[in-house]
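A.B. asks: Here are the chains, one letter per residue:
There are 2 protein chains.
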Amino acid sequence: MRWVRFSKDNTTSYGSLNGDAITEISGEPWGKATPTGRTLALSEVKLEVPVIPRTFYCAGINYAAHIREMAHKRGVEPVFPEKADIGYRANNALIAHNENVVIPRDAPPKVNYEGELVVIIGKQVKHLTEANAMSCVFGYTIGNDVSERTWQRGDRTFWRGKNTDTFKPMGPWIETDVDLDAMETVVSVNGKEDLRFKTNDMIFGIAHYIAAMTQYLTLYPGDVIWMGTDGTSPDLVDGDVVEVELTGIGVLRNPFVREKA
Amino acid sequence: MRWVRFSKDNTTSYGSLNGDAITEISGEPWGKATPTGRTLALSEVKLEVPVIPRTFYCAGINYAAHIREMAHKRGVEPVFPEKADIGYRANNALIAHNENVVIPRDAPPKVNYEGELVVIIGKQVKHLTEANAMSCVFGYTIGNDVSERTWQRGDRTFWRGKNTDTFKPMGPWIETDVDLDAMETVVSVNGKEDLRFKTNDMIFGIAHYIAAMTQYLTLYPGDVIWMGTDGTSPDLVDGDVVEVELTGIGVLRNPFVREKA
Numbered sequence: 273m274r275w276v277r278f279s280k281d282n283t284t285s286y287g288s289l290n291g292d293a294i295t296e297i298s299g300e301p302w303g304k305a306t307p308t309g310r311t312l313a314l315s316e317v318k319l320e321v322p323v324i325p326r327t328f329y330c331a332g333i334n335y336a337a338h339i340r341e342m343a344h345k346r347g348v349e350p351v352f353p354e355k356a357d358i359g360y361r362a363n364n365a366l367i368a369h370n371e372n373v374v375i376p377r378d379a380p381p382k383v384n385y386e387g388e389l390v391v392i393i394g395k396q397v398k399h400l401t402e403a404n405a406m407s408c409v410f411g412y413t414i415g416n417d418v419s420e421r422t423w424q425r426g427d428r429t430f431w432r433g434k435n436t437d438t439f440k441p442m443g444p445w446i447e448t449d450v451d452l453d454a455m456e457t458v459v460s461v462n463g464k465e466d467l468r469f470k471t472n473d474m475i476f477g478i479a480h481y482i483a484a485m486t487q488y489l490t491l492y493p494g495d496v497i498w499m500g501t502d503g504t505s506p507d508l509v510d511g512d513v514v515e516v517e518l519t520g521i522g523v524l525r526n527p528f529v530r531e532k533a
Numbered sequence: 273m274r275w276v277r278f279s280k281d282n283t284t285s286y287g288s289l290n291g292d293a294i295t296e297i298s299g300e301p302w303g304k305a306t307p308t309g310r311t312l313a314l315s316e317v318k319l320e321v322p323v324i325p326r327t328f329y330c331a332g333i334n335y336a337a338h339i340r341e342m343a344h345k346r347g348v349e350p351v352f353p354e355k356a357d358i359g360y361r362a363n364n365a366l367i368a369h370n371e372n373v374v375i376p377r378d379a380p381p382k383v384n385y386e387g388e389l390v391v392i393i394g395k396q397v398k399h400l401t402e403a404n405a406m407s408c409v410f411g412y413t414i415g416n417d418v419s420e421r422t423w424q425r426g427d428r429t430f431w432r433g434k435n436t437d438t439f440k441p442m443g444p445w446i447e448t449d450v451d452l453d454a455m456e457t458v459v460s461v462n463g464k465e466d467l468r469f470k471t472n473d474m475i476f477g478i479a480h481y482i483a484a485m486t487q488y489l490t491l492y493p494g495d496v497i498w499m500g501t502d503g504t505s506p507d508l509v510d511g512d513v514v515e516v517e518l519t520g521i522g523v524l525r526n527p528f529v530r531e532k533a
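Chains as they are written, first to last, in my numbering: chain A, 273 to 533; chain B, 273 to 533.
No wet-lab data here; the hints were simulated from the structure.
Heads up, some of the hints might be wrong.
Copies of the same chain are indistinguishable here, so a pair counts whether it falls within one copy or spans any two.
[Claimed, not checked] Lysine to aspartate or glutamate pairs mimicking EDC-like chemistry, simulated, CA-CA at most 16 Å apart:
(1) Lys-345 to Asp-453
(2) Lys-355 to Asp-427
(3) Lys-398 to Asp-437
(4) Lys-382 to Glu-300
(5) Lys-398 to Glu-531
(6) Lys-345 to Asp-507
(7) Lys-355 to Glu-465
(8) Lys-464 to Asp-378
(9) Lys-382 to Asp-510
(10) Lys-382 to Asp-427
(11) Lys-382 to Glu-341
Could you build all of it, start to finish, from the sequences and the hints given here?
C.D. replies: Below, the structure written as structure tokens:
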């Protein structure tokens, strides 16, 4: 099942999506989802970020080739994570499908994409095990963890390098039924395929992360966990369009524009 | 003016506080605050965390003595920040005044307090300067950035060391009228004063941080910025009670309990 969060006539709602038809609900799809009786066409609404999370979790480094290739670029030895230490991103940076990633006018040129699977939590949970961890997952969407590498390496935190306004595209919608082992992440730049990898070839899988996290923290409905990326990106410039496809979910498309001086 | 967020009869509201009397409003104090007509006594309500922020910012290291003393404890040279790179904490960890900080049963023993001034944003702003930065500040509250130092140093992120459930007490209320230069932070453990410092003796002040942050990110009403702490804390154990006073705001009190095996 597919859920969209959308705006129409100055109100924002959730709805289930069948083909091009949205059936609006009141509330959130992981809560008491009551149909409002209104149906709309996908083409007549604006898609919004699928959820503003209470806490925005991000695995960061979680694929082997990404770690090897990033280390090679920097001329250092690759360091693989020893355990599932979750990281964070910031809500200010979220934008929806088709919205512009705006590169600040003074940003260095190493602006990269990172195509990621996003897990959306549907229940309040703590102390899960790997065996029952997936029971709290409501569905999945797509994230692009846009990163400026000079700021990422040079600043004390990721505040500019990863959390500049518009650097966290997420969408286009939530898909509840996926085949993780069959899924591929395919990133295209200006319509040409640039990267392809098996989405579930993670160092630490979703159930492992959730079990580790919930030993110490409570997950809440609407929390998101971005699962990291494989491979590396070219440096993106003004006018580039990046599409992150996760097979079985959809395509997250965002133009990149550099802020004018 | 003083604002509380409180629960009574299964609903949570804001109200202004005069002495012991709460005048309830609908909405949030930085929005259209309309009195509901209900008044309550402070003693008959449960105080809640003053706000669940959209993004939870934290300066981290921002006082000279804290940096020198922490470096000395670790046997390394002190490193002072070169610029105002803001960090983050996580909403799952927030608890209110008088609620228990629960130390996980397997946590190492280096559990410390960090008494902090918390800035609460009241307006949506970007591109502020140091001259007009304070115009977006709605008020102030108190935070205790509880930290387990072994996890803080050993993990790849601060997920357990600083963001374990209950590790972020915030409250008791929001004060809009303060004299920052006169303010002192006074931390007591079990009723005995343990640390005292001038709250506004920061390496990078509030206006400097807000100007730097809003060059790249939008601040939203209800966002919080924890401004860091000075000095160092003893290792806290089961049964300790920590009170963080910020003169002119109030006292944030939280018992520490270790989870039973």
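A.B. asks: Each hint needs a verdict: does it hold in this structure or not?
C.D. replies: Going down the list of hints, with the structure as the test:
no.: 1; hint: Lys-345 to Asp-453; result: neither (29 Å within a copy, 48 Å between copies)
no.: 2; hint: Lys-355 to Asp-427; result: between (24 Å within a copy, 9 Å between copies)
no.: 3; hint: Lys-398 to Asp-437; result: between (31 Å within a copy, 10 Å between copies)
no.: 4; hint: Lys-382 to Glu-300; result: neither (38 Å within a copy, 41 Å between copies)
no.: 5; hint: Lys-398 to Glu-531; result: between (43 Å within a copy, 14 Å between copies)
no.: 6; hint: Lys-345 to Asp-507; result: within (12 Å within a copy, 42 Å between copies)
no.: 7; hint: Lys-355 to Glu-465; result: neither (32 Å within a copy, 39 Å between copies)
no.: 8; hint: Lys-464 to Asp-378; result: neither (28 Å within a copy, 50 Å between copies)
no.: 9; hint: Lys-382 to Asp-510; result: within (12 Å within a copy, 48 Å between copies)
no.: 10; hint: Lys-382 to Asp-427; result: within (14 Å within a copy, 27 Å between copies)
no.: 11; hint: Lys-382 to Glu-341; result: within (15 Å within a copy, 37 Å between copies)
In summary, the numbered hints that this structure violates are 1, 4, 7 and 8.
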